[in-house]
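Participant: Protein chains in written order, with the working numbering: chain E, 4 to 221; chain B, 52 to 414.
Just so you know, the hints here were simulated from the structure itself, not pulled from any lab data.
Virtual Cβ for every residue (Gly too), placed ideally from N, Cα, C.
One thing to keep in mind: the hints can contain errors.
Stated by the list, open to error - As a list, the in silico SDA-like pairs of lysine to any residue whose alpha-carbon atoms are at most 25 Å apart: (1) 406(B) x 312(B); (2) 214(E) x 284(B); (3) 214(E) x 200(E); (4) 214(E) x 179(B); (5) 214(E) x 198(B); (6) 267(B) x 305(B); (7) 284(B) x 181(B); (8) 406(B) x 181(B); (9) 284(B) x 142(B); (10) 214(E) x 181(B); (11) 284(B) x 179(B); (12) 406(B) x 291(B).
Said to hold, decoys possible - Output of the computed footprint for chain B on chain E, the stretches with three or more beta carbons under 8 Å from beta carbons of chain B: (13) 110-120; (14) 124-131; (15) 134-143.
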Amino acid sequence: MNWSPLLLSIQVTFFATLGILAIGLALALLLARTRVRGKIIVETLINLPLVLPPSVVGYYLLIALGREGPLVRWFDLNLLFTWQAAVVAAIVVALPLMVQSAKAALESVDPTLENVARTLGSTESEIIWRVTLPLARRGILAGLVLGSARALGEFGATLMVAGNIPGVTQTAPLAIYDAVQSGRFADANGLVLMLSGLSFVSLLVVNRMQKGNVTRDA
Amino acid sequence: MLNVNLTKHFGDFALRTQFEIGAEVLVLFGPSGAGKSLTLNCIAGLVAPDDGSVVLDHRVLFDHPARVNVPTRARRIGYVFQNYALFPHLTARENIAFGVRRDPNARQRVDAMLELVGLTSLATRHPAHLSGGQQQRVALARALAPRPELLLLDEPFSALDAPTRMQLRRELLHLQRALRIPMVFVTHDLGEAYFLADQLAVIDRGEILQMDAPGKVLRYPACLRVATAVGVKNILPGTLVARDAAGCRVRVGAVALDAPPYPFDVGARVHVCLRPERIMLLRPERAGRSSDENALRGEIVREMSDGMTATLFLRAAGARLIAAQDYDVQIELPVYIYERLDLARRREWTVSLRKNAIHLLGG
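So here's chain E without its partners, still in its complex pose:
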C-alpha cells in the first residue's frame, strides 16, 4: 500500500491544527470577551464554510491565493497547488467548529472569578492565561479535536486549491477518490478504514470531554 497520501494528510492536519488553535482561539476570545459592533457579522462569516458547498469555499480560496490575491501581490508567495494550500483550505473549513466550541467555553467562565483575580492584583492578560483559558480548556480542546478531525477529512476545497497531485498534494481523502475512480479498491479500503478509525476516536475523545464537567474535580 502507498503510505504517502496518509503521511501527507497527517502533515497537513498537523499544521492546520496549529493554525486552528492560534486563529480560532484569538477569534473566540474576541467574540466572547469584547463588545465590538458587527461582531455577529464576523461570526456569521466564520461559520459560512459550514453551509457553503466546498466548491464555493474552494473558489474563494483560489482567488485569494491566486495571482491577483494578496499573498502573491505583497509577498510574491504563490501557494496554489502546494501542500500549504491544502493547509489553508483545511483551516478555513475547520475554523467554525473550533470557534463555536471555544467561544461557548469562554463565555461559560464565571465573570466573578475574573473579578477575584483582579482584586488579587492580576493584569488582564494574566487573567486570560491563569483563569479564563484554564477554566475553558475542555471546550477549547474539544473544539480543537473536532477541528483537526474536520481538517483530516477535508476534500472539496483542497481539491480546488491544491489539486490532486500524487506525492505532492494528494491527501488521503483525494487518494481514496482516485483509487475508486481507477478501480483500485484494495487501496481505497485501507485508507477508508484508517480515516474512519481516526475520526471515530476523535469524536469519542470530544464526547468524553463534553460529558465530563467543566472543571477538574468539580
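Position chain B against the provided structure of chain E, taking the given hints into account.
Facilitator: Structure of chain B alone, referenced to chain E:
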C-alpha cells in the same frame, strides 16, 4: 481610614453613598437590590461610579473631577464574594497563593494564611472537595494573603449552615481585631449585622438612611424605613398632646402614653416606636401599681414561636391603640419565660409599654 463618596446611576436606580470609617467593621444592612453589592464593586473599582471619590489611607483610588481611577489590581483591597468564588482548577494552597505569587516569601505567607484559617491539612484539596465553611475560609485567606488595606465582604456567610456561620463570624471578628484594617461587610441578616458591626449603615434604594453604632440604630431608628428594617414591630401613629422637661405625652388611638422628651411641638403628628422585646408583662400580683408606666390591660389573641422566641399579639380591653387592627401591640419574649408564666393557658395580661422603651419619630 476609608472615605467614600459615590454616585452611580443604573436606569431608574440611583446609588448615593457617603461614609467614612477607621479600622473597624462597617456593616451595610438592607434588602436585596438596595445597592449594597454595587457599593462594594465601586469601592473595589470593578464598577466605575458616575461621580465622587474613594480615598483609602490617603491614597486616592477614585476621584471623578480629578480623573483618577486606580485599576482594581492596584487598589490593595481584598474582596470576599458571596458564593466563595474559589478557582475550581486550583487547590486550596494555589488559591491562597494566587495573589502573592510575586512575593519572594510567598511560601511562608501561604503557610501562615493556611494556619490562620486552620486548613493546613487540607491544602492540597480542590474546592469541590471542601465543605462550604472550608471554602469560605480559603476565600478569606486568599483575600488576606496579599495584605490588603481594606477588606470587602459580600454576604460571605449567607450560604452556610447556622453553626458554621456563627463560627465564621467569630473568626472574622478575631481577624479584624488582629489585623486592624477597615472592613465593609454586606448582609441582609439583622442578627449578623448587629453581631459584627462597629458601625451599622441601613441602606435602601441606593441611599444610606442611617449610620451609627448598631445598638443606637436598633434603639433609635432615624426614620420609619429604618425602624421597619431593624425590626421595630410596633409603629403606632399618634399626636403629641403635652410636653415638659421630663417628657412628652402622646395620644395613640384612645390611649395616652408617656414618652421621653422629644423636640416635637404640641399637636404634632408622631409615630411611637416600640421594640417588641422591650414590652414587659406584669405579674398579676404586681399589676395596678401606680409606678407602672403606660400599663395596658388586654388579651393575647394570637401567638407564634420559632422555638426560641415567642411572639404574642395583645388586644387591649377597653381603650384601643389601633382600632383598625385585631391587636394593639406585638410582644416578643424567650420561650422559657413563656413557659414559666404559663402563657399557653393564661391569656389575660397587663403589660407595661415602658416610657424609656418608647422612641418617637415625626409623622
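Participant: Are the hints correct? Go through all of them and say.
Facilitator: Hint check:
The straight-line distance between the Cα atoms of residue 406(B) and residue 312(B) is roughly 10 Å, inside the 25 Å bound, and the hint therefore holds. Distance check on the hinted pair: residue 214(E) and residue 284(B) sit about 53 Å apart at the alpha-carbon level, beyond 25 Å; violated. For the suggested pair residue 214(E) and residue 200(E), the alpha carbons sit about 21 Å apart, so the restraint of at most 25 Å is met. Under the criterion of a C-alpha separation no larger than 25 Å, the hint pairing residue 214(E) with residue 179(B) is consistent with the structure, at around 18 Å.
As the CA atoms of residue 214(E) and residue 198(B) are separated by approximately 40 Å, the hinted pair breaks the 25 Å bound. A C-alpha spacing of about 30 Å is found between residue 267(B) and residue 305(B), which places the hinted pair above 25 Å, so the restraint is violated. Taken as a hint, the residue 284(B) and residue 181(B) pair is broken in the structure, with Cα atoms around 40 Å apart against an allowance of 25 Å. Distance restraint check for residue 406(B) and residue 181(B): the Cα-Cα separation of roughly 52 Å exceeds the 25 Å cut-off, and the hinted pair is therefore not satisfied.
Straight-line distance between C-alpha atoms of residue 284(B) and residue 142(B) comes to about 47 Å, which puts the hinted pair past the 25 Å bound. Under the criterion of a C-alpha separation no larger than 25 Å, the hint pairing residue 214(E) with residue 181(B) is consistent with the structure, at around 23 Å. About 42 Å separates the Cα atoms of residue 284(B) and residue 179(B), which puts this hinted pair outside 25 Å; it is violated. With a C-alpha separation of about 14 Å, the suggested pair residue 406(B) and residue 291(B) falls inside the 25 Å cut-off, and the hint holds.
As drawn, the stretch 110-120 of chain E meets chain B at 6 residues by the rule of a beta-carbon pair under 8 Å; at three or more, the given contact holds. Coverage of the stretch 124-131 of chain E by chain B holds. Counting CB-CB distances below 8 Å, 3 residues qualify, and the rule asks for three or more. Judged by the Cβ-Cβ criterion of 8 Å, the stretch 134-143 of chain E is covered by chain B as claimed, because 3 of its residues qualify and three suffice.
Checked against the numbered hints listed earlier, the structure breaks hints 2, 5, 6, 7, 8, 9, 11; every other hint is satisfied.
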